[in-house]
Amino acid sequence: EVQILETGGGLVKPGGSLRLSCATSGFNFNDYFMNWVRQAPGKGLEWVAQIRNKNYNYATYYAESLEGRVTISRDDSKSSVYLQVSSLRAEDTAIYYCTRSAGAYWGQGTLVTVSS
Amino acid sequence: DVLMTQTPVSLPVSLGGQVSISCRSSQSLVHSDGNTYLHWYLQKPGQSPQLLIYRVSNRFSGVPDRFSGSGSGTDFTLKISRVEPEDLGVYYCLQSTHFPNTFGAGTKLELK
Chain A
1 EVQILETGGG LVKPGGSLRL SCATSGFNFN DYFMNWVRQA PGKGLEWVAQ IRNKNYNYAT
61 YYAESLEGRV TISRDDSKSS VYLQVSSLRA EDTAIYYCTR SAGAYWGQGT LVTVSS
Chain F
1001 DVLMTQTPVS LPVSLGGQVS ISCRSSQSLV HSDGNTYLHW YLQKPGQSPQ LLIYRVSNRF
1061 SGVPDRFSGS GSGTDFTLKI SRVEPEDLGV YYCLQSTHFP NTFGAGTKLE LK
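If you're matching them up, the sequences are chains A and F in order.
Taking our numbering, I'd label the letters of the first sequence as residues 1 to 116.
Taking our numbering, I'd label the letters of the second sequence as residues 1001 to 1112.
For reference, chain A alone in the conformation it holds in the complex (with noise of 0.2 Å):
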């Protein structure tokens, strides 16, 4: 059985940094893309970012509305893909999803909260 859970969301005030860590299990994690998706409180989805496999070089693409605060990565050897986001803003509130490829699987969401 397919599993993502994400963590690492929470309180921060203005400026401040979060690492946010998407843990995988049930699928050969090796093989996919993986992305980060968020939702702000009563809003549409916005894809966030994405990192590919060691086929394509683990290449990464960004929102332009993020790029430059967000950096992702991902560490094969445990199934795990992570998502760093500096200089947080108000509106960067929202659950952040990790989800597998185009969306096949989703985790639950971790909510981030950007706040003073």
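If you're looking for bench data, these hints aren't it; they were derived computationally from the structure.
Computed cross-link-like contacts, BS3-like style, restricted to lysine-lysine with a CA-CA straight-line distance of at most 27 Å:
1. 1112(F) x 1079(F)
2. 1079(F) x 43(A)
3. 43(A) x 1108(F)
4. 1044(F) x 1112(F)
5. 1112(F) x 43(A)
6. 43(A) x 13(A)
7. 78(A) x 54(A)
8. 43(A) x 1044(F)
All values reported here derive from a predicted model rather than from experimental measurement.
Starting from the structure of chain A, add chain F where the hints point.
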């Protein structure tokens, strides 16, 4: 960025009825590899989104055949027939042909 225009915003339906949701892209979603990376998701209240249809017309594992996807180029449709209570929620389209990937704004399927 590719703009995904999803309509309607709200879609009242009677149980057992049939509905269609449209998603139009601002540019062709045909990838250089020949595939079209347009997908459909349903987000039920309080839950994570779930994949229904991938690459225009392929039903994901366990998705009932009441759901069907069609389209090409820039114009895509999700059809739901014989609507059941568990189909209610917000539907999103996503294009992953181009970076940044972009979602439609969502269509809320609700009871009349």
